[in-house]
Structures are given as C-alpha cells and as structure tokens.
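If you read the sequences in order, they're chains F and G. Just so you know, we're using the working numbering here: the first sequence kicks off at 1 and counts up by one. Just so you know, we're using the working numbering here: the second sequence kicks off at 1 and counts up by one.
Do not take every clue at face value.
What the hints assert, rightly or not - Below, in silico cross-link-like pairs of lysine to aspartate or glutamate (EDC-like), each with a Cα-Cα straight-line distance of 16 angstroms or less:
| id | chain 1 | residue 1 | chain 2 | residue 2 |
| --- | --- | --- | --- | --- |
| 1 | G | K66 | G | D88 |
| 2 | G | K41 | F | E5 |
| 3 | F | K67 | F | D3 |
| 4 | F | K68 | F | D26 |
| 5 | F | K36 | G | D110 |
| 6 | G | K20 | G | D65 |
| 7 | G | K66 | G | E87 |
| 8 | F | K97 | G | E59 |
| 9 | F | K67 | F | D26 |
| 10 | F | K68 | F | D54 |
| 11 | F | K67 | F | D54 |
| 12 | G | K41 | F | E38 |
Stated by the list, open to error - What the simulated footprint calls covered on chain F by chain G, stretch by stretch (three residues with Cβ under 8 angstroms from a Cβ of chain G suffice, anywhere in the stretch; the number is not a length):
| id | segment |
| --- | --- |
| 13 | 40 to 49 |
| 14 | 99 to 105 |
Rather than coming from a laboratory, the hints here were simulated on the basis of the structure. Just so you know, even glycine gets a beta-carbon here, dropped at the ideal spot from N, CA and C.
Okay, here's what each chain looks like letter by letter:
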Amino acid sequence: GEDVEQSLFLSVREGDSSVINCTYTDSSSTYLYWYKQEPGAGLQLLTYIFSNMDMKQDQRLTVLLNKKDKHLSLRIADTQTGDSAIYFCAERESWGKLQFGAGTQVVVTP
Amino acid sequence: GAVVSQHPSWVICKSGTSVKIECRSLDFQATTMFWYRQFPKQSLMLMATSNEGSKATYEQGVEKDKFLINHASLTLSTLTVTSAHPEDSSFYICSARLRQGVNQPQHFGDGTRLSIL
Chain F
1 GEDVEQSLFL SVREGDSSVI NCTYTDSSST YLYWYKQEPG AGLQLLTYIF SNMDMKQDQR
61 LTVLLNKKDK HLSLRIADTQ TGDSAIYFCA ERESWGKLQF GAGTQVVVTP
Chain G
1 GAVVSQHPSW VICKSGTSVK IECRSLDFQA TTMFWYRQFP KQSLMLMATS NEGSKATYEQ
61 GVEKDKFLIN HASLTLSTLT VTSAHPEDSS FYICSARLRQ GVNQPQHFGD GTRLSIL
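Please work from the sequences and hints to get the whole structure.
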C-alpha cells in the first residue's frame, strides 16, 4: 500500500474552513509538504513543515503535525472558490525524494 | 522566485515518434531535477532523479532506454520518450530543487500532456 494516505474527496461551502488530513508511515521524515494542483497544471508548493514543529501558520493556511501519530493536516480558513483543486500531501524521503499521497479533491460550493 | 518552466505544455504525435520535453529552472540553479508521470485522477509517480553532470537514477520498473534523461546544465534537464506508443500517453511533470539544497522543497513545472495517436 501507499506510504502516504489521504482521503480522496472533500466538499466545503464557501467561507467555511477546510481541513485535509494525511497520514504517513516514515517516522524519519524530516519535512512534510502540501502541494496544490489545479486542472491541467503542475503542482504549486503551498507550505511545508519541519518535523520538529507542531504547527505552522501562513495567512489562511495552518498546518498541524502530530509526529507521534504520524498525522498531518492542512486547514484552509475562509475557503474560496479558487481553492477548489487537488491537494497532495508529501513526505520527504532520503536524498530529497518525495512520497506523495493520492491527493484530496476539494470542491468549494457557493 | 523558484520558477520552473516546462516545454511543451501539450504535444500530440504519431506512434513511433520520439518526443523531447524540457524542464528549466528560470531563476535558480538546480543540481537535481525530478521527472514524474501522472495518470488521470492519480498521484505522481517518480520516474527518475536527474543529477547535473551525471547519469540519471531511474526508479524500479522505469525503462531507461525508453525514457532518456539528460541534465547537461544547472538549469536544464530533458526527458526524451523514445519511439512513443499510445501507452506512453500521460501527463509528465518535472520538478527542481535548489542547488546545494537537499532540504529545500521541490518546485514543479506546469507539466506536459503527451498524447500518442
């Protein structure tokens, strides 16, 4: 099975908060990342967190890391229609290789 | 900053043709670039790691003679799909990491959609 797991779909109303969850298996991962992919495009780096941190906030984005449970989450405050996309969680393996989850499709409804 | 340009964005060609995809880091030097393949509604699959001035490292199951990678400078890596067939149709994405930055995040290009007829 995959080393990084995410739920596949999330529907959220415009203005509400979105929370996307991710679990990983490699306890030695030093960095964990969130990327956003819009249709037909590449991946946009949203934010990343170092493993010795519990939380990182960047404007509307909040990343929470529970290293004990190997659980990572991304919270998007005041979700907008432009936030509709696929969100990938990734853990950094040796030599900088990334292991991606399957992606969570976020659909924002008016 | 950290812009990665990929070209072409879309290519359609006949079976048997070889197709070259370029990946450029525009405002930084990238010792290491990565090539991924993405099938519809699926995650990214790492194909190979491209190191400037040396041979690429291919992931298990990826044919190195089929997918030729050249990383001749610190700002350019190319992926050539040789004698492409319909099963090679996919979305190919490259990424680049800052020079001397093994802890730096990867920055991605916009991808190349390859369609083989």
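Here is how each hint holds up against the structure:
no.	hint	in the structure
1	K66(G) with D88(G)	holds (10 angstroms)
2	K41(G) with E5(F)	holds (15 angstroms)
3	K67(F) with D3(F)	holds (15 angstroms)
4	K68(F) with D26(F)	holds (11 angstroms)
5	K36(F) with D110(G)	holds (12 angstroms)
6	K20(G) with D65(G)	holds (14 angstroms)
7	K66(G) with E87(G)	holds (12 angstroms)
8	K97(F) with E59(G)	holds (11 angstroms)
9	K67(F) with D26(F)	holds (10 angstroms)
10	K68(F) with D54(F)	holds (11 angstroms)
11	K67(F) with D54(F)	holds (8 angstroms)
12	K41(G) with E38(F)	holds (12 angstroms)
13	40 to 49	holds (count 7)
14	99 to 105	holds (count 4)
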